[in-house]
Structures are given as structure tokens and as C-alpha cells.
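Undergrad: Assemble the whole structure, with the sequences as input and the hints as a guide.
First to last, the sequence lines map onto chains U and C.
FYI, in UniProt numbering the residues of the first sequence are 1 to 250.
FYI, in UniProt numbering the residues of the second sequence are 1 to 250.
Mixed in with the good hints there might be a few duds.
Straight line, CA to CA, 25 Å or less: simulated SDA-like cross-link-like pairs of lysine to any residue [unchecked claim]:
(1) U:Lys234 to C:Ala153
(2) U:Lys186 to C:Arg68
(3) C:Lys78 to C:Val35
(4) C:Lys234 to C:Asn198
(5) C:Lys6 to U:Glu204
(6) C:Lys47 to U:Asp159
(7) C:Lys234 to U:Lys186
(8) C:Lys186 to U:Asp159
(9) C:Lys7 to C:Ala75
(10) U:Lys186 to U:Ser230
(11) U:Lys186 to C:Glu157
(12) C:Lys79 to C:Val41
(13) U:Lys79 to C:Asp237
Beta-carbon label-pair distances, calculated as ranges [said to hold, decoys possible]:
(14) U:Glu106 to C:Gly77: 55 to 63 Å
(15) C:Thr217 to U:Tyr55: 38 to 46 Å
(16) U:Tyr50 to C:Asp28: 14 to 22 Å
(17) C:Ser188 to U:Asn198: 38 to 46 Å
(18) C:Thr217 to U:Lys47: 22 to 30 Å
(19) U:Gln185 to C:Gln185: 18 to 26 Å
Note that these hints are calculated values from the structure, not bench results.
We treat Cβ as the ideally placed atom computed from N, Cα and C, and that holds for glycine.
Number of protein chains: 2
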Amino acid sequence: MSADSKKELYIVGLGPGARQKMTQEAIDVVEACEVIAGYKVYIDLLKPYYPDKEYLVNGMRQEVERCRLALETAAGGKKTALVCSGDAGVYGMAGITLELATEFPEVDVHVIPGVTAALSGAALLGAPLGHDFTVISLSDLLTPWELIERRLAAAAEGDFAICLYNPSSHKRHDYLQKACQILLQKKSGDTICGITRNIGRDGEEKRILTLDELLETQVDMFTTVFIGNSQTRKVGDAMVTPRGYRRDNA
Amino acid sequence: MSADSKKELYIVGLGPGARQKMTQEAIDVVEACEVIAGYKVYIDLLKPYYPDKEYLVNGMRQEVERCRLALETAAGGKKTALVCSGDAGVYGMAGITLELATEFPEVDVHVIPGVTAALSGAALLGAPLGHDFTVISLSDLLTPWELIERRLAAAAEGDFAICLYNPSSHKRHDYLQKACQILLQKKSGDTICGITRNIGRDGEEKRILTLDELLETQVDMFTTVFIGNSQTRKVGDAMVTPRGYRRDNA
Numbered sequence: 001m002s003a004d005s006k007k008e009l010y011i012v013g014l015g016p017g018a019r020q021k022m023t024q025e026a027i028d029v030v031e032a033c034e035v036i037a038g039y040k041v042y043i044d045l046l047k048p049y050y051p052d053k054e055y056l057v058n059g060m061r062q063e064v065e066r067c068r069l070a071l072e073t074a075a076g077g078k079k080t081a082l083v084c085s086g087d088a089g090v091y092g093m094a095g096i097t098l099e100l101a102t103e104f105p106e107v108d109v110h111v112i113p114g115v116t117a118a119l120s121g122a123a124l125l126g127a128p129l130g131h132d133f134t135v136i137s138l139s140d141l142l143t144p145w146e147l148i149e150r151r152l153a154a155a156a157e158g159d160f161a162i163c164l165y166n167p168s169s170h171k172r173h174d175y176l177q178k179a180c181q182i183l184l185q186k187k188s189g190d191t192i193c194g195i196t197r198n199i200g201r202d203g204e205e206k207r208i209l210t211l212d213e214l215l216e217t218q219v220d221m222f223t224t225v226f227i228g229n230s231q232t233r234k235v236g237d238a239m240v241t242p243r244g245y246r247r248d249n250a
Numbered sequence: 001m002s003a004d005s006k007k008e009l010y011i012v013g014l015g016p017g018a019r020q021k022m023t024q025e026a027i028d029v030v031e032a033c034e035v036i037a038g039y040k041v042y043i044d045l046l047k048p049y050y051p052d053k054e055y056l057v058n059g060m061r062q063e064v065e066r067c068r069l070a071l072e073t074a075a076g077g078k079k080t081a082l083v084c085s086g087d088a089g090v091y092g093m094a095g096i097t098l099e100l101a102t103e104f105p106e107v108d109v110h111v112i113p114g115v116t117a118a119l120s121g122a123a124l125l126g127a128p129l130g131h132d133f134t135v136i137s138l139s140d141l142l143t144p145w146e147l148i149e150r151r152l153a154a155a156a157e158g159d160f161a162i163c164l165y166n167p168s169s170h171k172r173h174d175y176l177q178k179a180c181q182i183l184l185q186k187k188s189g190d191t192i193c194g195i196t197r198n199i200g201r202d203g204e205e206k207r208i209l210t211l212d213e214l215l216e217t218q219v220d221m222f223t224t225v226f227i228g229n230s231q232t233r234k235v236g237d238a239m240v241t242p243r244g245y246r247r248d249n250a
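TA: Have a look at this one:
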């Protein structure tokens, strides 16, 4: 970490929730910062460990405002951490903040990576992302649904293992079903899939099922979904995508 | 962690190299294990911190043997950690070990995720993976080159941000060039790309360039390559893929 005279903002990925899942670097950065900014749920996870920090807390839809506030705070001379769940960059706030940061040339912005749900959910299931994979969000809040469909079709065409973020919400309860229908045009109904829920938190759950079964399954917004490639197998109670396509790679 | 009577093997992702990049969970697991197994380079990173562990070290091409040895050691009653760089599952040893573990039903196998190069390299560059992305390895050691080509074409077709692992080796010095040629059939030569090298280690480097420039660039096996989607921008000295396709998402 650099001298106190510098104005610094750290965008920190916390991982899947529990402090134990943070990297040592993320822990060091949070400890070194005077101000912690973030969405209420993540702040509530940190506060018990760091009761003496200054906290900037706001709601879910106020992300651009939160980034700006964090930049202003850093520009004011207080070393600031803007925290988000999972990784700082994967559907995270690193991008928006770097764009806004052009208005604050005096602030050095550092991105501190974290374990995104694709990795933490995969570890819970076994090794579903052991070979080439795609990560696709089913949220059409900022992305046209047509593009999401095109990406699902491309992922199936490439026989990628697939990890789906935001598979459902109150308004989009049938999106996972729609996604499965697109994938089933190219993939077998027997394809091994996995569901993880509340990764790294109370009520952590996992389930392995086929793509045909996934089509009939209702999930919520705390769920991350994994869809195997043509080689993915159920091994004991684990979901495993082998690292290769040759027989000697068992 | 569970009672000592249980036979346990942990497959641990160390992240991009430095101990600071490990998760707290990975640090706790390594500290709690009696035996650490792994490839020489990663063992050398851990040894200074844990001089009193029993180490099982072997070479790069002996991975199946290493997994079996780790399982045998755990089955013998010694709590064992099998460590790998990055994440334990992404082209890592979790899959092979889970497959071999069916021969050792008395051993509980746990996968501990870590920060894979797609995330650590992305953080170094800014936020290149801020929207849907694919991870593709250019190594054809275990995968037919035709399938790699098909995946590159599908990734371009879906306008994914792309992260390339193993972009080069002594025998495959022109693979990145071949990959760029496939991508250029669907993507603009002006597409913003990024290169990271020796992430989290001495000699860490990054560079932002266009896809046309990447085509002419020689990289080595310590490099991770990022190729933007159609919305990816250079913002200051950062590579940023916005989280959405709508104008109000800045």
C-alpha cells in the first residue's frame, strides 16, 4: 500500500459472503481503509469485524451514485474501499467506477479481485468448469433479451460448460426455462447440470440434475446455475467436467 | 474443519501466486493440513511460510500420479492439501482428483476455490470481464484444435468478452495468431484487447492494444490474454467492458 498523501480508491471483491472467503489482499485493503462504501447486505457482513470504520451504505439500485460518492470520498483524502460481492469486475462495480474516475484524475483506482459465484459455486458442486466455459447473466435489465438468447445459442454451439448468473427474479420467473429451451436445441436433455444457492452463507444448498430436469425447476435470485458440456459427468455426488476430450485424461 | 478421525483431502486454489492472493479459507486449510502436495513451483511459494509441513513435490506432466499420491496420503490418515495455482477447478486438478477419489471412498474430498487468472488478470487491466464472457484455453494437449476453433468462432458469434489461457508454448508459438484470425472473421480489428503477464508475481506486466495489434504480438506461456466485446472501451489506461448495452449504464 502506498503513502498516505495519495488519494486512493479500492474496488474490492469480497467473494461469496463469509469473511473467510475473502482474499488476504482484500482483508488487508479493507483494514487499511478509513471509509467502506457498499450495498447494505455486504456492509452488514463486514461491520461486525470492523466496527470503527466510517460506512457509506445505500440501496441496490443506486450503484452509479454509490460509485460517485466513493470517488468523492477518496478525492477528499480518505482512503476508501468500495466493496461488492464476488469479484469486483464480473458484473461488478469496477467498470462503472473506472468510467466515472476520469472526472477524478487525482484518485488512483485499484481493483482487488475476489472469488466470483462461478468459482465458489463450482467448488461446491465439484469441478463443473474444468474446461472452457462461459458466464452469462439472464438479467435483461441492462441487456436486450435477444442478445442473451444469441449468447446462449453460441454457448451451446461451442459445447462450452455454462454458468448462469441472475437466473430468476420476481419479474423474470420464467427466464431459466426460456434459457433451457434454447440450450436444448443443441444440447442433450441428459446433460449434467448443477444448482447452487446461498453459496458460502447460511442455508447453502446444491443439487445435481439433468438439463431436462432443470427445465422444470424453479430457482430464485440467490441461485447460480451450471450446465455441463457434452463430457460433463456425475461422479459420486459431484459434477465434473473433464479437462480434456481424450480418453487417457480420465 | 471436521474431526481428526475423518480422512480428508483438500484441493486448494492458491490464486495467482503470492500468498496475499490466497483466500483466508485457503490459508486456514493449508495451515491445518499435515501434508502439502503440488507442482514444484507452487510448493516453492508456500514453503517459506510453512517450513514444517511434509511436502509431496513432483513435475509438471505427472498430474494424475500427484492426485493419486495425495489421495493415498489422505487415505493413510494424514490430512492433505493438494495445491494448484489459480482456481482448483478451472483447468485445475479438482476434476481428475474427484474421478480418482471413487477408488478411495473413505476420503472426503473438498474443493477450495481461488482467484483464477481470468479474474486476477482482469483486475490488473481494469474490468474487461464486466459482462458475459468466455474462458478458452488454446492448449491442444488434451483438446482437438478443431474444437478450440469452434469455440473461438462461437465466442465471437455471441459477442462475448474472451479470456484466453495458455495462449502460447514452445511448440505452439503461432496459436494466438491463429485464434486472432478466427476472431477477426466476426470481430472488428479495433476491438480493445489486453495482455497480462506474471500476474501477482515479480515482473508483473500489462498492456492494452487492439485485436489487429494482438494478431502481430508474440506472447509466452506466462501470459493471459483478454479480448473485448463490441462495447469494450479503453478508459484512461484501463480496459473496461460495460455491464450493459444501454446508454444510461455509462
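Undergrad: Given the hint that U:Lys186 pairs with U:Ser230, test it: the Cα-Cα distance must not exceed 25 Å.
TA: holds, 10 Å
Undergrad: For a C-alpha distance cap of 25 Å, please report whether C:Lys234 and U:Lys186 respect it.
TA: Not OK: C:Lys234 and U:Lys186 at ~36 Å, beyond 25 Å, violated.
Undergrad: Between C:Lys7 and C:Ala75, is the straight-line Cα distance small enough, at 25 Å or below?
TA: holds, 6 Å
Undergrad: Is the Cα-Cα distance between C:Lys79 and C:Val41 25 Å or less?
TA: The hint holds at about 22 Å.
Undergrad: Starting from the range 38 to 46 Å, see whether the pair C:Thr217 and U:Tyr55 falls in it by beta-carbon distance.
TA: holds, 44 Å
Undergrad: Holds or violated: the 38 to 46 Å window for the beta-carbon distance between C:Ser188 and U:Asn198?
TA: About 41 Å separates the Cβ atoms of C:Ser188 and U:Asn198, which means 38 to 46 Å holds.
Undergrad: Within 25 Å, alpha carbon to alpha carbon, are C:Lys78 and C:Val35?
TA: At roughly 7 Å apart (the allowed maximum being 25 Å), C:Val35 and C:Lys78 satisfy the hint.
Undergrad: Take the C-beta atom of U:Glu106 and the C-beta atom of C:Gly77, compute their distance, and say whether it sits inside 55 to 63 Å.
TA: At 58 Å between Cβs, range holds.
Undergrad: Going straight from one Cα to the other, do C:Lys6 and U:Glu204 come out at no more than 25 Å?
TA: holds, 22 Å
Undergrad: So if I understand the rule, the pair passes when the alpha-carbon distance is 25 Å or less; does U:Lys186 with C:Glu157 pass?
TA: holds, 15 Å
Undergrad: If I claimed the Cβ atoms of C:Thr217 and U:Lys47 lie 22 to 30 Å apart, would that claim hold in this structure?
TA: violated, 46 Å
Undergrad: So if I understand the rule, the pair passes when the alpha-carbon distance is 25 Å or less; does U:Lys186 with C:Arg68 pass?
TA: At roughly 36 Å apart (the allowed maximum being 25 Å), C:Arg68 and U:Lys186 break the hint.
Comparing the model with each earlier hint shows violations of hints 1, 2, 6, 7 and 18; every other hint is respected.
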